[in-house]
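Enquirer: Spelled out from the first residue to the last, the chains are:
4 protein chains.
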Amino acid sequence: MTNTMRANVFHGVNDIRVEQVARPRPGAGEAVIRVTLTTICGTDLHILRGEYPVRPGLVIGHEPVGVIEELGPGVSGYKTGDRVLVGAITPCGQCLACLSGHLSQCGHGAGYEAIGGWRFGNTIHGAQAEYLLVPYAQANLAKIPDDLSDEQVVLLADIASTGFSGAESGGVKIGDSVVVFAQGPIGLCATAGAKLMGASLIIAVDADDRRLQMSRRMGADVVIDFRTSDPVAEVMKLTGGVDVAIEALGTQQTFESCLRCLRPGGTLSSLGVYSGKLQLPYNTIAAGLGDHRIVTTLCPGGKERMRRLMNVVRSGRFDPTPLITHTFRLDQIKDAYRLFGERTDGVLKVAIRP
Amino acid sequence: MTNTMRANVFHGVNDIRVEQVARPRPGAGEAVIRVTLTTICGTDLHILRGEYPVRPGLVIGHEPVGVIEELGPGVSGYKTGDRVLVGAITPCGQCLACLSGHLSQCGHGAGYEAIGGWRFGNTIHGAQAEYLLVPYAQANLAKIPDDLSDEQVVLLADIASTGFSGAESGGVKIGDSVVVFAQGPIGLCATAGAKLMGASLIIAVDADDRRLQMSRRMGADVVIDFRTSDPVAEVMKLTGGVDVAIEALGTQQTFESCLRCLRPGGTLSSLGVYSGKLQLPYNTIAAGLGDHRIVTTLCPGGKERMRRLMNVVRSGRFDPTPLITHTFRLDQIKDAYRLFGERTDGVLKVAIRP
Amino acid sequence: MTNTMRANVFHGVNDIRVEQVARPRPGAGEAVIRVTLTTICGTDLHILRGEYPVRPGLVIGHEPVGVIEELGPGVSGYKTGDRVLVGAITPCGQCLACLSGHLSQCGHGAGYEAIGGWRFGNTIHGAQAEYLLVPYAQANLAKIPDDLSDEQVVLLADIASTGFSGAESGGVKIGDSVVVFAQGPIGLCATAGAKLMGASLIIAVDADDRRLQMSRRMGADVVIDFRTSDPVAEVMKLTGGVDVAIEALGTQQTFESCLRCLRPGGTLSSLGVYSGKLQLPYNTIAAGLGDHRIVTTLCPGGKERMRRLMNVVRSGRFDPTPLITHTFRLDQIKDAYRLFGERTDGVLKVAIRP
Amino acid sequence: MTNTMRANVFHGVNDIRVEQVARPRPGAGEAVIRVTLTTICGTDLHILRGEYPVRPGLVIGHEPVGVIEELGPGVSGYKTGDRVLVGAITPCGQCLACLSGHLSQCGHGAGYEAIGGWRFGNTIHGAQAEYLLVPYAQANLAKIPDDLSDEQVVLLADIASTGFSGAESGGVKIGDSVVVFAQGPIGLCATAGAKLMGASLIIAVDADDRRLQMSRRMGADVVIDFRTSDPVAEVMKLTGGVDVAIEALGTQQTFESCLRCLRPGGTLSSLGVYSGKLQLPYNTIAAGLGDHRIVTTLCPGGKERMRRLMNVVRSGRFDPTPLITHTFRLDQIKDAYRLFGERTDGVLKVAIRP
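Residue numbers (the working numbering), protein chains in the order written: chain A, 21 to 374; chain L, 21 to 374; chain Z, 21 to 374; chain B, 21 to 374.
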């Protein structure tokens with residue numbers, strides 16, 4: 021057994037390198053998995069471009085599927101060789117935030133920490149590597165049923181968990197009308213989530229033909245290409261105001277358009293990552309008197325969330341595999357970043373096989 | 021019986037006049053009450069100043085206590101002479117919004133209408149008059165128990181119903197920490213509402229000594245005078261981030277301060293009426309990843325809401341009478357508006373006796 | 021225009037007759053519709069057999085589709101000739117129960133009345149007739165979109181609204197495991213409702229081959245024939261305890277079996293109509309310490325509910341038409357009752373065309 | 021440092037002995053506290069009488085206040101000497117149940133286990149001892165603010181957490197009417213919980229003068245002595261049916277009386293521990309059509325729950341100290357059990373000082 025491994029290391033803006041680094045060993049309550057499949061997330065692009073700062077030297081990536089290589093003391097019910105899925109968010113389960121049900125805002129044993137549940141490729145080494153140390157392993161190792169492949173579960177770690185949460189936090193009910201702004205991987209999963217929860221009209225908005233096509237496959241009843249139509253006007257014509265609007269991009273335009281599509285009493289469920297100031301025009305919320313709700317959600321994690329999402333895939337009610345359009349080896353990861361960043365060749369998600 | 025009555029009529033900006041107008045008669049499903057007590061609301065000041073447009077010729081005011089004078093066809097279970105409280109918001113109970121539980125966004129038999137439940141002194145004649153026509157009377161006439169005086173219930177029509185809803189929509193739970201920005205009549209009732217729902221720390225923010233004193237009486241554990249302290253810094257020092265922040269003024273500063281006081285996963289419950297654009301700085305909501313909620317609420321109405329609020333007063337757990345600092349006759353109403361508008365003499369709410 | 025109509029009148033136990041009765045005329049707030057399609061419900065069988073008492077002389081039936089014939093004063097937004105669906109439950113929208121959101125326990129303008137929302141064929145004349153008087157018409161006339169046939173909507177009035185509510189009251193979430201005991205028309209719709217809400221494993225229990233076949237069509241992943249398997253043992257083997265168990269029959273055995281299938285913290289959602297005492301063995305609820313919930317639900321009604329359910333049918337996510345296995349004319353209704361009562365010829369629901 | 025300690029050991033039915041036993045040492049993730057105050061619970065009486073089986077040799081008791089003596093590896097943020105409160109229920113925070121928010125049904129790292137969160141004095145050694153091993157210490161050690169005494173917090177571990185949960189699970193809202201059957205320590209805390217959550221009418225039922233007196237102090241507006249009045253008839257006369265009925269004893273009579281007091285759509289929140297079969301007469305739940313809810317709750321635990329409850333005590337809104345009527349030393353614990361079991365001398369709760 022060697023003490024090193026190959027990993028994709030962030031060195032600075034536009035500088036990632038696959039290189040040899042120390043292989044992790046688990047401490048108490050931790051596990052190390054051998055990564056068998058992972059992906060690149062839009063957030064990794066933000067890191068690469070310097071738009072989201074992480075420390076140089078960090079291994080990035082946060083969507084791991086793998087096999088348990090080694091278990092630290094105090095982790096029970098698992099054994100070496102178990103195939104596991106680990107969520108992008110790794111709650112400790114034991115801090116004030118976790119015990120209040122706010123797993124994504126995990127304070128690691130203490131109180132609350134904003135976005136504290138996101139550690140992989142952010143504050144600790146990530147998944148674009150041969151091996152990965154999993155903190156709070158007892159709460160985060162989700163065994164993969166034998167009848168599910170790595171490809172069927174890898175997108176549950178982040179994309180599907182986040183996308184579905186758009187519908188869940190929005191409180192979608194049977195018979196609701198829902199609009200989803202932006203049909204990237206997360207928006208597509210939000211569309212699928214709205215369908216899973218019983219929406220009777222799902223409107224998907226984007227400007228990319230392939231994504232709009234895929235949105236129909238994920239459950240959209242109507243698609244709007246904002247290059248050729250005014251989405252707010254179209255949505256209002258179709259519905260008179262939707263029950264739930266889901267934002268899946270992170271821009272002023274999509275945020276504000278969501279608000280303009282809501283009926284009085286409606287909910288904007290926001291998944292995007294924003295920068296700078298957002299404007300909240302007073303007339304979009306009836307000057308504060310329209311009984312509106314705005315809800316933001318970070319990807320839910322933990323092994324129970326992963327277990328549930330894997331069961332959804334097993335039921336056949338949601339199939340994430342069409343979203344994986346390309347696969348690369350770890351040593352080709354720069355090409356994978358380029359393709360993913362340039363959005364060419366109809367790319368949605370790329371899988372990385374260490 | 022005369023066909024006219026005295027009423028306070030809006031004629032234009034800064035032009036209200038108590039004059040003789042036609043006395044209303046009830047149609048099907050309607051009632052007419054003889055108003056025995058009413059008040060002036062901050063919204064009435066906005067109308068007077070031209071900041072909220074209503075049609076000239078309209079009788080204004082929306083907080084009525086009275087005695088049933090006449091019942092239209094189809095209203096059952098009431099009789100002439102019954103003392104009743106009518107909420108500021110008069111839902112029809114039979115439109116899509118009402119049947120969905122969004123009573124304040126009542127669409128009057130059809131779909132949803134933003135703020136559609138607010139009709140008195142907005143789209144139909146209001147309560148600053150000797151008589152008042154009550155629409156959808158079956159849903160809106162709340163009989164007053166004999167052991168409650170007019171003074172004990174008049175503020176339930178709007179102020180208390182709105183203020184309490186700040187705590188209710190915020191989802192205050194036993195043991196929560198809550199900050200309430202602004203301690204005008206609505207903010208004071210939000211403070212009382214947070215106490216009623218079991219908050220264990222209530223922080224009230226204002227810059228008026230009398231209001232801060234009153235906030236202690238309504239349940240505040242800590243008061244912050246923003247003339248001498250930075251309320252956000254103080255709240256963060258005391259709590260590390262509150263569970264619920266209630267906005268009760270309607271300005272960029274209070275809205276943004278509320279966001280800055282929230283813990284990750286916390287809720288901003290907004291009661292204010294905003295004008296112009298609101299800024300939502302991305303760092304106040306962890307760039308959209310902090311699991312925050314922003315909820316706006318319009319005053320809940322309907323006879324069931326009024327019945328419940330009257331029971332709260334009967335229980336002795338909330339006493340609104342200290343909030344009525346002055347009383348005027350209807351023909352003195354201009355003086356009342358002046359006092360209320362200038363916020364002199366420690367005024368909180370003025371009662372008007374037609 | 022004649023003053024009489026044909027209707028199915030209850031005269032006593034096992035004595036119903038299609039005969040000429042007075043044709044209804046609408047009062048204030050009421051409407052009369054010409055019934056174009058209706059059905060027979062299991063409850064009508066209970067009435068026929070004397071198991072549920074109604075007064076002799078009553079026209080029975082409570083699932084009406086029709087065309088507006090006449091509108092009483094005070095009903096707006098409709099016109100003669102509009103095609104409408106009316107729910108089995110007709111809330112007034114204006115009593116304390118309705119204004120609290122408990123539409124099915126409508127007290128008709130006053131307080132609460134147990135099952136008070138159910139009036140058709142119970143306390144007022146019902147739908148198995150050429151014409152039907154609709155009370156509280158403003159709250160209960162749901163216009164049928166042109167692209168939906170009578171057959172597509174008639175089961176929404178009761179069966180689908182009730183069945184879906186089993187999943188809704190059970191709080192089914194994405195990824196839940198659900199068992200549904202009994203796959204009659206309501207159980208089949210409960211199965212469909214669990215699927216609509218995102219359950220990842222739906223287990224249907226019955227002892228009728230055709231019903232078990234139909235349950236797969238409605239969304240069941242696994243079916244259990246209780247003639248050949250022990251359903252509780254099977255469910256526990258498959259799941260270790262379900263998140264939600266739905267009872268759709270109304271017997272001690274199905275009620276208790278549901279409890280025995282629940283995981284700690286699980287919910288029994290009960291739709292059945294019980295007679296006599298139910299036993300609640302203490303070990304099924306961990307002696308009261310298992311954080312269990314038992315929820316009962318009466319069919320939700322009102323035009324907003326009907327609008328939502330029609331939208332679900334339009335979306336193609338639920339098709340109720342396979343549940344209508346037979347159609348009869350009004351004057352053949354005795355044959356229809358016989359077939360429905362004997363459960364022969366694979367009958368699920370029979371439609372009646374006046 | 022000695023290796024033994026004094027502890028109250030269960031040896032068999034009616035046989036407990038204070039004796040010298042091995043002093044615990046913490047493993048990974050565990051802590052040992054020196055117990056400074058504990059109590060006897062009704063459940064301990066059940067154990068003593070053989071009504072709830074535990075293994076002979078077990079130290080019993082589950083309501084610990086103490087000082088950290090030793091910390092095992094992997095517990096951070098605490099130090100020897102910290103004063104802590106530990107809930108009766110000690111969730112791991114990392115199993116499927118805990119990650120789903122069902123902390124009391126904790127499966128200890130795996131799935132769900134009914135009542136699995138209750139370990140002290142049930143499946144592991146308990147608190148009636150000089151020292152106590154705390155499992156999952158990171159999730160269960162709640163630091164006690166300096167301004168709170170041991171006496172102020174000891175009842176939060178079980179009694180207050182359970183009692184409040186009766187109101188919380190019942191969903192008590194501002195203006196609700198609530199009846200609480202039985203005013204022992206848990207029922208008294210349920211009364212206090214209903215008050216904390218804004219109930220406007222709280223009716224307490226018992227047959228013990230001192231307990232009824234105390235119930236007024238805890239928030240009851242009306243008390244009913246069932247020796248002299250029929251509580252169901254009285255409650256119906258006062259309210260016409262309550263919104264929430266809380267059961268705090270665990271008998272057929274109190275369970276059924278609660279159901280008979282509910283309005284349609286009301287909730288029975290059950291805290292009692294039942295034995296044998298419960299009867300659920302069909303007419304108490306409108307034959308299953310009354311939109312009723314029955315909810316059972318086990319004491320919520322974990323350090324976040326304890327933190328919140330301590331904040332409630334600090335706020336002055338709830339004072340548990342009057343419920344401690346007697347104090348004994350550990351070596352007098354047999355006398356304490358006798359007094360508590362015989363309910364003489366007005367005993368409510370006895371405190372034990374090791």
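Among the hints, a few may not be true.
Copies of the same chain are indistinguishable here, so a pair counts whether it falls within one copy or spans any two.
To be verified - Restricting the straight-line Cα-Cα distance to at most 35 Å, the calculated cross-link-like pairs of lysine-lysine (DSBU-like) are:
id : residue 1 : residue 2
1  : K99       : K193
2  : K99       : K297
3  : K163      : K257
4  : K163      : K297
5  : K257      : K354
6  : K354      : K193
It should be emphasised that the hints constitute simulated quantities derived from the structure, not laboratory data.
Enquirer: Give a verdict on every hint.
Expert: Results of checking the hints against the structure:
1. In the homo-oligomer, the alpha carbons of K99 and K193 lie at most 35 Å apart only across protomers (30 Å), although the nearest pairing inside one protomer, at 40 Å, exceeds that limit.
2. For the homomeric pair K99 and K297, neither the shortest alpha-carbon distance inside one copy (48 Å) nor that between copies (43 Å) is at most 35 Å.
3. For the homomeric pair K163 and K257, the shortest alpha-carbon distance between copies (18 Å) is at most 35 Å, but the shortest distance inside one copy (46 Å) is not.
4. For a Cα distance limit of 35 Å, the shortest separation of K163 from K297 qualifies neither inside one copy, at 41 Å, nor across copies, at 39 Å.
5. Taking the shortest alpha-carbon separations for K257 and K354, neither the intra-copy value of 45 Å nor the inter-copy value of 46 Å comes in at or below 35 Å.
6. In this homomeric assembly, K354 and K193 never come within 35 Å of each other (Cα to Cα): the closest approach is 42 Å inside a single copy and 39 Å across copies.
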